[in-house]
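Q: The lines below spell out each chain.
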Amino acid sequence: MTDSLNNDLLKASSSSDDACGDSCGDSCVDSSNEDLVNPVEQFLRSDRVPHIWCPGCGIGTTVNSFARALIDSKIELGSLALVSGIGCTGRVAGYVKLDSFHTTHGRAIPFATGLKLANPKLNVVVYSGDGDLSAIGGNHLIHAARRNIDLKVICVNNLIYAMTGGQTAPTTPDHSTTSTNPYGVFEPSFNLPHLVEAAGAVYVARWTTYHVRQLSRSIAEAFNKKGFSFIEVISPCPTLYQRRNKMGDGLDAMKYYKEKSKVKHGCPTNEVGMTMTGEIIVGKFVDRERPDYQTMMRAQYQESLGDKFVDEPSVQEEPVCS
Amino acid sequence: MKADPKGVLTGTHFMDGDHACCEGALAAGCRFAAGYPITPSTEVVERFAARVPKVGGAFIQMEDELAASITLQGGVWAGAKAFTVTSGPGFSLMMEHIGYAAMTETPCVFVDVQRGGPSTGLPTLPAQADMMQAKWGSHGDYETIALCPNSPQECFDLTIKAFNLAEEYRVPVMFMMDEVVGHMTEKVVIPPADQIEVTPRKHTHKSVADYLPYGTNGDMVPEMAHAGDGYNFHVTGLTHDERGYPNMTLPVQDRMVRRLQNKILSAVDRITMTEEEQIEGADVVVVSYGITSRVAQRAIGLARDRGLRVGKLRLITAWPFPEKKIREIAKKVKAFVVPELNLGQMVREVERSAGGQAKVFAVSHAGGGVHNPDDILKVIVEASR
Numbered sequence: 001m002t003d004s005l006n007n008d009l010l011k012a013s014s015s016s017d018d019a020c021g022d023s024c025g026d027s028c029v030d031s032s033n034e035d036l037v038n039p040v041e042q043f044l045r046s047d048r049v050p051h052i053w054c055p056g057c058g059i060g061t062t063v064n065s066f067a068r069a070l071i072d073s074k075i076e077l078g079s080l081a082l083v084s085g086i087g088c089t090g091r092v093a094g095y096v097k098l099d100s101f102h103t104t105h106g107r108a109i110p111f112a113t114g115l116k117l118a119n120p121k122l123n124v125v126v127y128s129g130d131g132d133l134s135a136i137g138g139n140h141l142i143h144a145a146r147r148n149i150d151l152k153v154i155c156v157n158n159l160i161y162a163m164t165g166g167q168t169a170p171t172t173p174d175h176s177t178t179s180t181n182p183y184g185v186f187e188p189s190f191n192l193p194h195l196v197e198a199a200g201a202v203y204v205a206r207w208t209t210y211h212v213r214q215l216s217r218s219i220a221e222a223f224n225k226k227g228f229s230f231i232e233v234i235s236p237c238p239t240l241y242q243r244r245n246k247m248g249d250g251l252d253a254m255k256y257y258k259e260k261s262k263v264k265h266g267c268p269t270n271e272v273g274m275t276m277t278g279e280i281i282v283g284k285f286v287d288r289e290r291p292d293y294q295t296m297m298r299a300q301y302q303e304s305l306g307d308k309f310v311d312e313p314s315v316q317e318e319p320v321c322s
Numbered sequence: 001m002k003a004d005p006k007g008v009l010t011g012t013h014f015m016d017g018d019h020a021c022c023e024g025a026l027a028a029g030c031r032f033a034a035g036y037p038i039t040p041s042t043e044v045v046e047r048f049a050a051r052v053p054k055v056g057g058a059f060i061q062m063e064d065e066l067a068a069s070i071t072l073q074g075g076v077w078a079g080a081k082a083f084t085v086t087s088g089p090g091f092s093l094m095m096e097h098i099g100y101a102a103m104t105e106t107p108c109v110f111v112d113v114q115r116g117g118p119s120t121g122l123p124t125l126p127a128q129a130d131m132m133q134a135k136w137g138s139h140g141d142y143e144t145i146a147l148c149p150n151s152p153q154e155c156f157d158l159t160i161k162a163f164n165l166a167e168e169y170r171v172p173v174m175f176m177m178d179e180v181v182g183h184m185t186e187k188v189v190i191p192p193a194d195q196i197e198v199t200p201r202k203h204t205h206k207s208v209a210d211y212l213p214y215g216t217n218g219d220m221v222p223e224m225a226h227a228g229d230g231y232n233f234h235v236t237g238l239t240h241d242e243r244g245y246p247n248m249t250l251p252v253q254d255r256m257v258r259r260l261q262n263k264i265l266s267a268v269d270r271i272t273m274t275e276e277e278q279i280e281g282a283d284v285v286v287v288s289y290g291i292t293s294r295v296a297q298r299a300i301g302l303a304r305d306r307g308l309r310v311g312k313l314r315l316i317t318a319w320p321f322p323e324k325k326i327r328e329i330a331k332k333v334k335a336f337v338v339p340e341l342n343l344g345q346m347v348r349e350v351e352r353s354a355g356g357q358a359k360v361f362a363v364s365h366a367g368g369g370v371h372n373p374d375d376i377l378k379v380i381v382e383a384s385r
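Taken in order, these protein sequences are the chains called A and B. Each residue of the first sequence is one higher than the last, beginning at 1 in the numbering used here. Each residue of the second sequence is one higher than the last, beginning at 1 in the numbering used here.
If you're looking for bench data, these hints aren't it; they were derived computationally from the structure. Quick caveat: nothing in here was measured; it's all calculated off a predicted structure. Fair warning: there could be bad hints in the mix.
Stated by the list, open to error - Which residues of chain A face chain B? A few of them, derived with a C-beta cut under 10 Å, are:
#1 99
#2 109
#3 122
#4 140
#5 167
#6 256
#7 300
Glycine residues also receive a C-beta, built at the ideal position from the N, C-alpha and C atoms.
Next comes chain B alone, as it looks inside the complex (with noise of 0.2 Å):
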């Protein structure tokens, strides 16, 4: 369906990735949030709770991101499309409740401005190295999905697509930004609110007599009532069965993991967005996300200047990581360079999916900078070999 004229800002302006952010999420239809004050990523909730009131709707400034991030899914259950937002710190936090999102298929979408760590680390300075914790942050086996955007454009675009894939698949989606495309100021268009396609909840219209509310009809999603709705339904975070009761036993619990990992798994194709350029030929790939993506971008125009044949991969998701497509790269170049600003987390990715079929090169940043593109361009030519 289309977007909610009220909640789109049409036009052309200039604006910030934390801004932009916020507007793809009034955008997409988010009328609720919850959040817990911390930098680099406040900017998004200040700006929502400047605009919430005037497009229909409430945000909250929880106690703590522990309440910041249930809080979101008891609006989530109400009815609202909801996010919350928060950076490193906060994260680590909100671990518990990324999990009851994804145990209880809550779609809800988390935003991340990452900065550099551990713990209290750089507040004002950008880093990458959230990338795991995005997928493996809460305990137990589960499947997420996280986004990379790299301009403040994308990352209204991509927001919207966020709370989509969330109501697609009913899971949480982590929205991975970094400082730097949180703070950059660049030029947003907004398109008018027909043009944005934004995914409606997966609301059952079975009867009460029939409704079950983790039942599946073959695609692995359930349908979902909301609070008020007169179902009388129930939710838990202990293992369930279809009635949504606790049922623990090694069948049910068998069953429900491997839901909740194959609606994505399966899905691995339609989900992953990749950006390529010049993979045909090339010697070496370059796999980048979010801001690295810009820096990886000189490094390989510096590269080509020298004659080298170096291609282009932009993970747009990295989770699910899209392994069909390295491996199926692997088999015709002869490296790959990862450049990140972590000290090797997506790396570990490429590596495994290429399966010594291609050599990796990392290119490592402990964060609070982005890479100088002459240090990319260095291995590239080492990997070119």
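In isolation and in its complexed conformation, chain A is listed as follows (with noise of 0.2 Å):
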């Protein structure tokens, strides 16, 4: 599954002219070249591979349409900074060839708060996981989507604490058996897309990791949008939770997401609830315009303040050591 999904993603690829950047020129797209070049690998740290995600695990799915978005989108590299919290997706950050930060548990989008108000020259992402972003980051979850925060939030959606071995997550469906419910699951679970609109994201989506194309568009999307910005992304466990829970392995997750998602752009996000094994809803729900933090931040500066605002960042253009 693992190599089709590859195969996809070179041919995808090869259908777009810039796709491989200046770097690679046209030997990447030739699929009998032997020195073929993977066209992300540019943007991994090659030299802390292998990585720790299991077999099966969809993340590394997901930095892929990750990197693929980095090429289609255009974006500029060197002003692109990634936040982490912890966890299996909190390992993301130490795997890109980019200003990345590891940061506390559920913290990530907080500190991505920071970097993205000193320097508003940064494009920030948030890539973590769902338990890190919406259990104890969950507080830091609305306030930055209800302050309109200009951060693009990947949430790896995995149903689970994977890191820590299969406990209940907010994400967790009703009816299913974790380490701390080993009699299953009787809380309800978060609807993320829902909880975000209603906190006020200005774009909301999700997709599983069978969806790597529309993920990789909805990324690069996600870039050229201003303000709160989240993508959720279902992403198979095959070790603590599907296995725990008799769901088969990570081709059976895959075919569970083929079978069961449906693609419904611009449905009401408290339709889209997730079940143990029911439909997927999957799509682009929320796409709307509201001035983000800092552009009302500095317009009430403005007017309050007229002449006497001093409009420029924490961070000053010239270095701060000479």
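Can you join these two chains into the complex? Each is in its own frame, and there are hints to help.
A: Spelled out as structure tokens, the structure:
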């Protein structure tokens, strides 16, 4: 399965003229070339491979889609920073060749807020898991959405706390079994798109790791959107979620995603809640305009202070050290 | 380098300690703060929120102290000088990110305007009961620096010093005020910018190929890069090697944790600041800090009026603790008297450093007010016998 996904990616790259960037020229679109260069490799810290993710895990697939989005959106890489929290997805920061910050559990969003506010020229991506972002970091998630901080949040939702051994997360579906709910989960789960839309996000989408190209497009689209963007990616955890719930391996997860996913762009987010084996509604649910935090802040200062407002960021152009 | 005049409110002011601390931060070049309201510290960020749009920079009020204490570190890695301000209950929540700052070597300042505890305690009344927390509050081994101002003027001067030390050693610096010092109003003289020395960020000039985010050149403090500089560097709270990559092996852990400690411990003499008075020939030395040092001054005066030979040692830095100085004094005096607004925190350090060579008397106070100078005097008299 993984191989065929990679082939899909490579086919996708050959269909795009500038997909490989300037560095690899035409050679990488020629599948007969023995020195085939994976177009996403330029974004990865190859010296950190092998990674820690399990066979069948979906996180690496999301990184592939993310890297594709970097190519497709032509975003300036020099100004891109990636911030992760703690957990399996939290390890993404360590594998991408960007300015990357592996922060504390749940606090990726406030750290990212500091980066963005101090230097508004940075494009800041938050890349973390469902437990990190919606449980321990849940307060930060809703407040960043409310403030409409210009952050691109990619939430890999594997429905479980995986790094610590498969405990119940706020996203774990009803009736599934976890190490901390050995007799079945009975507490209701969060519908994350609904939560962040209610809190104020301007862009909300959900895909699964089966939808690699749609995910890529959504990420690229979010890069061109100012304000709090949230992309949820449903991703398999064969080791700790599926195995305990007798749901098969990574390939079975792909089959499930393929069969049970329904693309419903614009679907009201209160209708996209997930169950253990039911339909997965995917698509772009929210795409709206609202001034972001820094735009509102500057406008307010301008209005209240007039000429006294010194419209300069915390970080100045000239180097701090001379 | 000299302070940027934009942030310096040169002149003679009548100002409380909280406001003076804010002006010190601005003079030091701080252009970013994240905070969460808590008595008796809020006035610092209230002033910052009013001042920073006229200077250039940003302030954000976060949803809690957990957020504030890491948001400021995002600001630092973007290239700003940054701080946050809190009191006991908030300081407890910030411990997570004091550890993160120590581990990632993020230069920043945490201001704690101490109030009575534990828990919600005495929100509007003073204490000095967070002194051990300032050193030991976050898990794991690490060293920090803690300063204790005893006047609004020092709230200004030492806040600049706190930022300078943070930059020089790449550590979180604890600025340990107390409710009285925060809320007392006195004369504060802010000098012209060209008389204020500020320490710039230890920014790397190495090429991308040569740069190691946690590599050192013998002085134990690595050079820093900022997000957007083009270095594609990695920062993690995991045990990491010189590249900043996670490496959870014993040799790397040992090397990293020892360096985090030794970069401070090897510079104790350069970092620590004390104020000394009549220690030569003294029988008893009163060791105090913060607001208690001013009450102790009165007690010392009363004791001298009675003909007692009393010296004064004021801790301007509480951490790292001036162990060597105490040990030397212990050889020459009968006793130390240590008044503080807690039930015995820094007195343990005095006792440890004295190593049994001089007696050590605590003058404890549970907080909520300051000592009666007579209570300190009584102990000085007893210690002089």
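Q: Determine for every hint whether it applies to the structure shown.
A: Hints and how they fare:
no., hint, verdict
1, 99, "4 Å, holds"
2, 109, "8 Å, holds"
3, 122, "5 Å, holds"
4, 140, "5 Å, holds"
5, 167, "20 Å, violated"
6, 256, "33 Å, violated"
7, 300, "9 Å, holds"
Consistency note: the structure conflicts with the earlier hints numbered 5, 6.
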